[in-house]
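Asks: My request is simple: use the sequences and hints to build the entire structure.
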Amino acid sequence: MSAEFAEGLRLAGAGMGLVFATLVALMVILFALGRFFPGEEAEEAVEVPDTHAPAAQDEAAAPVAEPPAPIEAAAAPATGSAPVPQPDAIAAPARDGVPGSKVAALAVAVYLAMEQEEAERAGASPTPSVAAASQADTQPSQPTSNWGILGRAALWQSQGRRPSAYGHRAHSAYPSSRGGGA
Amino acid sequence: MFGETLGAIPDLTWGAVAMMAVALLLVYLGLARKYEPLLLLPIGIGVLLANLPAAGIAEEDGFLGILRKVGLDNELFPLLMFLGVGALTDFTPLLQNPTTVLLGAAAQFGIFAAIMAALLLGWDLNNAGAIGIIGSADGPTTIFVSTQLADPDLWGPIAVAAYSYMALVPLLQPPIMKLLTTRRERQVKMPYPSRAASYKARILFPIIVIILASLVAPKAAPLVGMLMFGNILREAGVVERLAKASQNELINVTTIFLGLAVGSTMTADRFLEPHTFGIFALGLFAFAIATVSGVLLGKIMYLASGRKINPLIGAAGVSAVPMAARVAHSVGQESDSDNWLIVHAMGPNVAGVLGSAIAGGVVLGALL
Chain A
1 MSAEFAEGLR
11 LAGAGMGLVF
21 ATLVALMVIL
31 FALGRFFPGE
41 EAEEAVEVPD
51 THAPAAQDEA
61 AAPVAEPPAP
71 IEAAAAPATG
81 SAPVPQPDAI
91 AAPARDGVPG
101 SKVAALAVAV
111 YLAMEQEEAE
121 RAGASPTPSV
131 AAASQADTQP
141 SQPTSNWGIL
151 GRAALWQSQG
161 RRPSAYGHRA
171 HSAYPSSRGG
181 GA
Chain B
1 MFGETLGAIP
11 DLTWGAVAMM
21 AVALLLVYLG
31 LARKYEPLLL
41 LPIGIGVLLA
51 NLPAAGIAEE
61 DGFLGILRKV
71 GLDNELFPLL
81 MFLGVGALTD
91 FTPLLQNPTT
101 VLLGAAAQFG
111 IFAAIMAALL
121 LGWDLNNAGA
131 IGIIGSADGP
141 TTIFVSTQLA
151 DPDLWGPIAV
161 AAYSYMALVP
171 LLQPPIMKLL
181 TTRRERQVKM
191 PYPSRAASYK
201 ARILFPIIVI
211 ILASLVAPKA
221 APLVGMLMFG
231 NILREAGVVE
241 RLAKASQNEL
251 INVTTIFLGL
261 AVGSTMTADR
271 FLEPHTFGIF
281 ALGLFAFAIA
291 TVSGVLLGKI
301 MYLASGRKIN
311 PLIGAAGVSA
321 VPMAARVAHS
331 VGQESDSDNW
341 LIVHAMGPNV
351 AGVLGSAIAG
361 GVVLGALL
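Going line by line, the protein sequences match chains A and B.
To convert, note that position 21 of the first sequence is 21 in this note's numbering; the numbers rise steadily by one, no gaps.
To convert, note that position 98 of the second sequence is 98 in this note's numbering; the numbers rise steadily by one, no gaps.
Source of the hints: derived by calculation from the structure; they are not laboratory data.
All the pointers check out, no bait thrown in.
Pairwise CB distance ranges (calculated): (1) B/A8 / A/E4: 39 to 45 Å; (2) A/G17 / B/R195: 29 to 35 Å; (3) B/G306 / A/F36: 25 to 31 Å.
Stretches of chain A that chain B covers, calculated by requiring three or more beta carbons in the stretch to come under 8 Å of a beta carbon on chain B: (4) 3-13; (5) 17-27; (6) 30-38.
Partial list, computed: chain B residues near chain A (C-beta under 10 Å): (7) T92; (8) L95; (9) P98; (10) T100; (11) F109; (12) F112; (13) A118; (14) L119; (15) A128; (16) G129; (17) A196; (18) R202; (19) L204; (20) I208; (21) S337; (22) W340.
Beta carbons are placed, not taken as given, at the ideal position from N, Cα and C, and that holds for glycine.
Replies: What follows is the structure in structure tokens.
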């Protein structure tokens with residue numbers, strides 16, 4: 001074993017040791033910061049009082065507290081990336097009483113639709129595997145998740161809903177003339 | 001007289017023609033394949049300009065030579081880049097889940113494994129250190145370290161190898177990740193953090209990191225200092241103009257200059273050498289080992305946590321931000337389309353940035 005190789009071995013051992021020691025110290029500091037300066041609890045999932053999309057409603061009642069952040073993380077330090085909705089803005093309930101989770105689902109659905117449109121506009125991607133990776137990343141093919149179902153339902157309601165036929169209003173804005181009320 | 005009418009054509013060499021082809025390949029990879037176009041396009045054009053016959057653009061008093069002198073020889077450009085990277089990086093995932101910081105440390109093993117491999121292949125220790133740092137998967141760190149340790153002939157190939165492999169992370173990592181994990185492990189859904197990070201914690205964290213890193217690895221202090229200064233600008237909330245300037249104008253201008261300056265080091269007499277292939281091979285090895293070590297520690301943490309940590313996020317410990325985190329997420333979604341790993345993968349990903357800067361400082365401290 002040459003002297004230089006032995007020196008390299010020492011460097012590797014000491015180097016990994018120092019990197020680990022530093023990051024372990026950092027982990028301890030992070031725990032301490034979390035303990036002494038705790039952040040606010042994340043908002044609980046808000047149930048969607050929605051009568052138009054029963055399937056989405058059932059799904060949405062359970063664990064909606066999860067994933068707004070993928071959007072932010074995906075866009076974070078990639079220089080030149082397009083502006084996207086921020087998770088803080090998504091998670092907060094809207095002022096006019098629209099549930100925050102519904103707003104978030106709508107934002108996610110719009111974002112995914114935009115990405116899909118962008119991908120289609122870009123045409124055939126040069127490397128199939130790269131394209132597949134990025135598509136799988138951004139666009140769950142079936143709306144199997146709560147977010148997907150809720151998002152699609154919200155988007156459908158707000159953007160894709162056709163006007164009701166004349167005389168077939170789903171909900172009347174006024175109380176019934178017989179006094180039954182809405 | 002006749003020679004003058006032909007312009008620079010008599011000065012055209014086969015080496016220059018080959019380097020122009022390399023330049024066009026880099027431009028093609030950036031434009032058509034979208035492989036790190038922000039860097040590969042300026043580097044490609046820098047290579048093209050540097051190899052134009054008789055133009056002298058890359059010589060000491062040519063404009064690329066001046067750029068190299070003011071920004072690359074003294075490591076200014078990588079540091080300015082790191083300021084922008086810090087302003088773009090959100091350390092909240094790390095603050096919310098501190099244990100994932102260990103994964104950022106494990107992935108740095110690729111650096112040291114590549115150093116050993118380079119020594120075995122006959123490189124001297126300083127050049128081996130510079131080549132090994134490709135495994136950090138961090139462009140500014142790679143350039144910062146290599147410009148201090150390596151021979152100038154190697155600066156270009158090392159930078160191009162680093163950025164090329166960073167761009168190829170979606171192709172390089174998934175096979176390794178799938179090979180080392182079972183489907184059941186890939187399907188693990190991690191609990192979403194219940195608390196947000198407080199403002200005080202987000203401000204104190206970068207300050208503490210600056211002090212800690214400079215105590216452990218003083219040579220890393222410039223890198224970590226600029227990274228964390230950028231992050232303070234982002235988190236402070238009262239200097240939005242400075243934060244936005246760092247996130248946009250500063251990093252964009254520096255990217256252009258850095259790319260051109262790095263490209264200008266790749267002249268035919270320096271680049272068309274057998275050692276270039278060795279650097280690319282060792283860079284690939286470093287990336288693979290970094291991914292393997294990250295995933296293996298992820299598996300250990302999976303077992304130690306009672307199967308609550310998805311080992312895929314270990315691969316995000318290589319600091320190609322945010323690409324490596326996206327790859328961990330997409331590989332996880334292949335096993336379960338309802339699994340949103342990216343939030344959890346961003347923790348090790350940004351820890352990898354810190355880990356690679358510290359590892360770079362350790363290597364510099366030992367070898368300078």
